[in-house]
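So the protein sequences, as listed, match chains A and B. In terms of our numbering, the first sequence has 56 at position 56, counting the first letter as 1, and numbering is strictly consecutive. In terms of our numbering, the second sequence has 31 at position 31, counting the first letter as 1, and numbering is strictly consecutive.
Simulated from the structure, these hints should not be mistaken for lab results. Fair warning: this is a prediction, and the values are worked out from it, not measured in the lab. Each hint should be verified, as a subset may be incorrect.
Unchecked claim - Partial chain B-side listing against chain A, Cβ under 7 Å, derived:
(1) Pro39
(2) Gly42
(3) Met54
(4) Leu90
(5) Glu100
(6) Gln101
(7) Pro105
(8) Gly106
Think of the CB as a built atom: it goes at the ideal place given N, C-alpha and C, for glycine as much as any other residue.
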Amino acid sequence: AQSVTQPDIHITVSEGASLELRCNYSYGATPYLFWYVQSPGQGLQLLLKYFSGDTLVQGIKGFEAEFKRSQSSFNLRKPSVHWSDAAEYFCAVWSGSSASKIIFGSGTRLSIRP
Amino acid sequence: DVKVTQSSRYLVKRTGEKVFLECVQDMDHENMFWYRQDPGLGLRLIYFSYDVKMKEKGDIPEGYSVSREKKERFSLILESASTNQTSMYLCASSLGGKGEQYFGPGTRLTVT
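One chain only, chain A, in its complex shape (with noise of 0.2 Å):
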């Protein structure tokens, strides 16, 4: 069955900083991947996905995710944090169904020291 793991419960780095946060995903065949971002008290909003193509995905709000088949991961990365940043994020696996079932990892809790 699909599956997806965040290793990573909470994250603290120093604003400017880069960031890394961990995905790694069970899937049979190409995986659709998604990540979204959820600020305090609000909604999911999708930062980047994954269908095809080139492994390395531009998103919205300065985010990139690389796509790595061998490691089954899909790592989202930002080159300097804001404090704006300050959010959980999500990684997630298209499941396989046909009404676009999305199966969520547990999420990565990122807080910005100042």
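With chain A fixed as given, assemble chain B onto it according to the hints.
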């Protein structure tokens, strides 16, 4: 831009009450979803719908039902609210196939 709206941001209900959470999307999406979100448990799918009057159970349907009479509207119903249904409820919609989901702002429900 896709817009998904939820009827309430905050809701307080008493145990045993019947509760309706409404969700409306304005982009003619085929699929709609209800999740609940609890600390440490991530998002869990309650029900989803892939067409008007069609619904499927998600991972945690017990204690909930849904209604989709019109394409743009998907309602979550708590037949008899209980304290363990205190949670953040998120609605989402998607166009179909493998498309991404678009989320509403959430309803924080407290059952006392």
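Could you tell me which of the numbered hints above are not met by this structure, giving the numbers in increasing order?
1, 3
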